[in-house]
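Go by the hints and put chain F onto chain X.
Protein chains: 2
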Amino acid sequence: MAVRHYTLDFKLSAPADHSATVRGLQSIFQEQEMTETVHDTEGHGYLATFIGKNGRFAILRLHSHGLVTFDLQCCEGDDSAQVDNLLNALEKKLKTLLHGTIQTVKRLPALQRGGEVDRYWPTADGRLIEYDIDEVVFDKDSAYQNIKILHSHQFGNILILNGDVNLAESDLAYTQAIMGNGREHYAGKEILILGGGDGGILCEAVKLKPKMITMVEIDQMVIDACRKHMRKTCGNVLDNLKGDCYEVLVEDCVPILKKFVEEGRTFDYVINDLTAIPISTAPEEESMWEFLRLILDLSIKVLRPSGKYFTQGNCVNLTEALSEYEGLLRRLSCNVGFSKEVVCVPSYLELWIFYTIWKK
Amino acid sequence: MAVRHYTLDFKLSAPADHSATVRGLQSIFQEQEMTETVHDTEGHGYLATFIGKNGRFAILRLHSHGLVTFDLQCCEGDDSAQVDNLLNALEKKLKTLLHGTIQTVKRLPALQRGGEVDRYWPTADGRLIEYDIDEVVFDKDSAYQNIKILHSHQFGNILILNGDVNLAESDLAYTQAIMGNGREHYAGKEILILGGGDGGILCEAVKLKPKMITMVEIDQMVIDACRKHMRKTCGNVLDNLKGDCYEVLVEDCVPILKKFVEEGRTFDYVINDLTAIPISTAPEEESMWEFLRLILDLSIKVLRPSGKYFTQGNCVNLTEALSEYEGLLRRLSCNVGFSKEVVCVPSYLELWIFYTIWKK
Numbered sequence: 001m002a003v004r005h006y007t008l009d010f011k012l013s014a015p016a017d018h019s020a021t022v023r024g025l026q027s028i029f030q031e032q033e034m035t036e037t038v039h040d041t042e043g044h045g046y047l048a049t050f051i052g053k054n055g056r057f058a059i060l061r062l063h064s065h066g067l068v069t070f071d072l073q074c075c076e077g078d079d080s081a082q083v084d085n086l087l088n089a090l091e092k093k094l095k096t097l098l099h100g101t102i103q104t105v106k107r108l109p110a111l112q113r114g115g116e117v118d119r120y121w122p123t124a125d126g127r128l129i130e131y132d133i134d135e136v137v138f139d140k141d142s143a144y145q146n147i148k149i150l151h152s153h154q155f156g157n158i159l160i161l162n163g164d165v166n167l168a169e170s171d172l173a174y175t176q177a178i179m180g181n182g183r184e185h186y187a188g189k190e191i192l193i194l195g196g197g198d199g200g201i202l203c204e205a206v207k208l209k210p211k212m213i214t215m216v217e218i219d220q221m222v223i224d225a226c227r228k229h230m231r232k233t234c235g236n237v238l239d240n241l242k243g244d245c246y247e248v249l250v251e252d253c254v255p256i257l258k259k260f261v262e263e264g265r266t267f268d269y270v271i272n273d274l275t276a277i278p279i280s281t282a283p284e285e286e287s288m289w290e291f292l293r294l295i296l297d298l299s300i301k302v303l304r305p306s307g308k309y310f311t312q313g314n315c316v317n318l319t320e321a322l323s324e325y326e327g328l329l330r331r332l333s334c335n336v337g338f339s340k341e342v343v344c345v346p347s348y349l350e351l352w353i354f355y356t357i358w359k360k
Numbered sequence: 001m002a003v004r005h006y007t008l009d010f011k012l013s014a015p016a017d018h019s020a021t022v023r024g025l026q027s028i029f030q031e032q033e034m035t036e037t038v039h040d041t042e043g044h045g046y047l048a049t050f051i052g053k054n055g056r057f058a059i060l061r062l063h064s065h066g067l068v069t070f071d072l073q074c075c076e077g078d079d080s081a082q083v084d085n086l087l088n089a090l091e092k093k094l095k096t097l098l099h100g101t102i103q104t105v106k107r108l109p110a111l112q113r114g115g116e117v118d119r120y121w122p123t124a125d126g127r128l129i130e131y132d133i134d135e136v137v138f139d140k141d142s143a144y145q146n147i148k149i150l151h152s153h154q155f156g157n158i159l160i161l162n163g164d165v166n167l168a169e170s171d172l173a174y175t176q177a178i179m180g181n182g183r184e185h186y187a188g189k190e191i192l193i194l195g196g197g198d199g200g201i202l203c204e205a206v207k208l209k210p211k212m213i214t215m216v217e218i219d220q221m222v223i224d225a226c227r228k229h230m231r232k233t234c235g236n237v238l239d240n241l242k243g244d245c246y247e248v249l250v251e252d253c254v255p256i257l258k259k260f261v262e263e264g265r266t267f268d269y270v271i272n273d274l275t276a277i278p279i280s281t282a283p284e285e286e287s288m289w290e291f292l293r294l295i296l297d298l299s300i301k302v303l304r305p306s307g308k309y310f311t312q313g314n315c316v317n318l319t320e321a322l323s324e325y326e327g328l329l330r331r332l333s334c335n336v337g338f339s340k341e342v343v344c345v346p347s348y349l350e351l352w353i354f355y356t357i358w359k360k
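Respectively, the protein sequence lines represent chains X and F. Here UniProt numbering is used: the first residue of the first sequence is 1, the next is one more, and so on. Here UniProt numbering is used: the first residue of the second sequence is 1, the next is one more, and so on.
So here's chain X without its partners, still in its complex pose (with noise of 0.2 Å):
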């Protein structure tokens, strides 16, 4: 049983009149058969609260400032015509209250708390954004984190790691992105891609005739669930772990790293697809930055010479997070150039960097 919970705002170029506004909103409550409570807010507006039948619960603050706020808190399966109607009766009586005096109305889409399906999953930057998201397709925790797919009308199935968005089966953008847009030649390579257990780069590169790849993923269970979940994705590429020209690792990338490096094993690209904040078994891992460093390190040295190192950076508004992976880059074992790209990716909703990293 979820919440609906709506809100009406009006901007006002001065502070509304206490008692005329509430005088003249008061047919409307009473019409619904909500009980007041006013408030003592000590100096800070007039505030009132008002519970309805069947659980209902609204606000009224008029703001000192000129702001009129209301809330209405509805529980599911509340009759939404008649909420609609009292919001349309409230907005309505309150544009000819306050007439003359407003800036702006706002009447956001509610939100919806506690339901089944969790809608909202804010950007990278921090912003409230809610997705179409009609079903939960897949949730369960596995040994490194939570894992969820969700079903989205217009992106199709989302995978999610604890609570971040990872791809949607509406990304093949992000996918291209990370293997550098068409500008690069796969066949006959040898790629190495770490993590990427969605399969999306996997079944895309192998269309792509390289000699082969090595995918190194940790989690057995994003393989699982993607494998059934997201095929628009990943294709048939993850029903075996190993093809013609692929095979895939369950294994935490780092040792396997150090091991290429150890044996000289070398490739022409290095596909780094692990989680924006990655999870690995190692014990280096003393901060996600120190983490990121070794991983890179490890990255550049089994590349080779005229080999591209291709990573997914951050969204464009973490400058901040931009430039210090930047720094990082700068400050790595073996000298190395980068160039940076904006890509739009779907389900992400907001612009995301991608990184192309290679040796000097």
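This list has only true hints and no planted wrong ones.
Pairs involving identical chains hold if they fit within one copy or between any two copies, as the list cannot separate such chains.
Here are the simulated DSS-like pairs of lysine-lysine, each with C-alpha atoms no more than 30 Å apart in a straight line:
#1 K140 / K106
#2 K106 / K93
#3 K232 / K340
#4 K301 / K211
#5 K189 / K232
#6 K140 / K92
#7 K340 / K209
#8 K95 / K140
#9 K106 / K228
#10 K242 / K301
#11 K259 / K211
#12 K93 / K140
#13 K207 / K340
#14 K360 / K308
The hints are simulated quantities; they were obtained by calculation from the structure and are not laboratory data.
Relative to chain X, chain F alone:
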């Protein structure tokens, strides 16, 4: 002066123990010097409101069906570290008190209500979206509509007409889509643009060396605002209403289209970039659909037999509106074929349909 509205919700597998939960939270509210009022909900769970210093107002609801919601409203300028501390303390305490029954904990980014800058511009399918808007660049009512240009850190300036996000400086994808996404050859062709006051299509079209572009935009104020504030979109093309290969008529497109039909004037491409609910001074527009049909009929009449008509449709989720539009296409006075394409326009934050229409 704005209000920040925080929410913190616990979804439970069983109803919370009212008295134990309320008792457990008491010390937090006392520490914050908040005065409690317990309300009679007539059997709809526990509901208490709290008035604190600086006009802080909180609501605690323990719903009988196993949902705990907490709301906190604070005025702008209130100490946000203190507010965060209160929320952190509550979240921590509730996690202890409700231990074993918690399914999800959700703390959304705070709603900013009544702020100087309005960051909430819902999608066409009615979802709540917070943009990274930090400045009102332009805000005026013309004779036809409200015109806003708001600055977004990631999207650049955004043109918002009557509350609808029209185009941002990041949205070359929109302009490319409504021009056929590179599948057409504009060189030497005659083009008619309906609307398009932001100058985006005009700017891209003149680069392609057409014979002549005629653009018919009703609202001089849109042109003036975009010339000044949307230069990443329009370049310098709106600096003059006439150029080597283009002419902008600041007129209602309906009488112009009728005149073209009478004169027998035709075009290779007609690009309908009118706002989703078009504006006209013509008396014919009994309804939006009647008006859409009128524009379509007239446009097809001025289209050469081998010509193409391009237009944006709607968001992919509004399937009924899209079906209705496609029904309209089948009932035009002239027989037409059509195709559609799904496009990700960065600032829209929802996938959008674009139509290509041709004479059969």
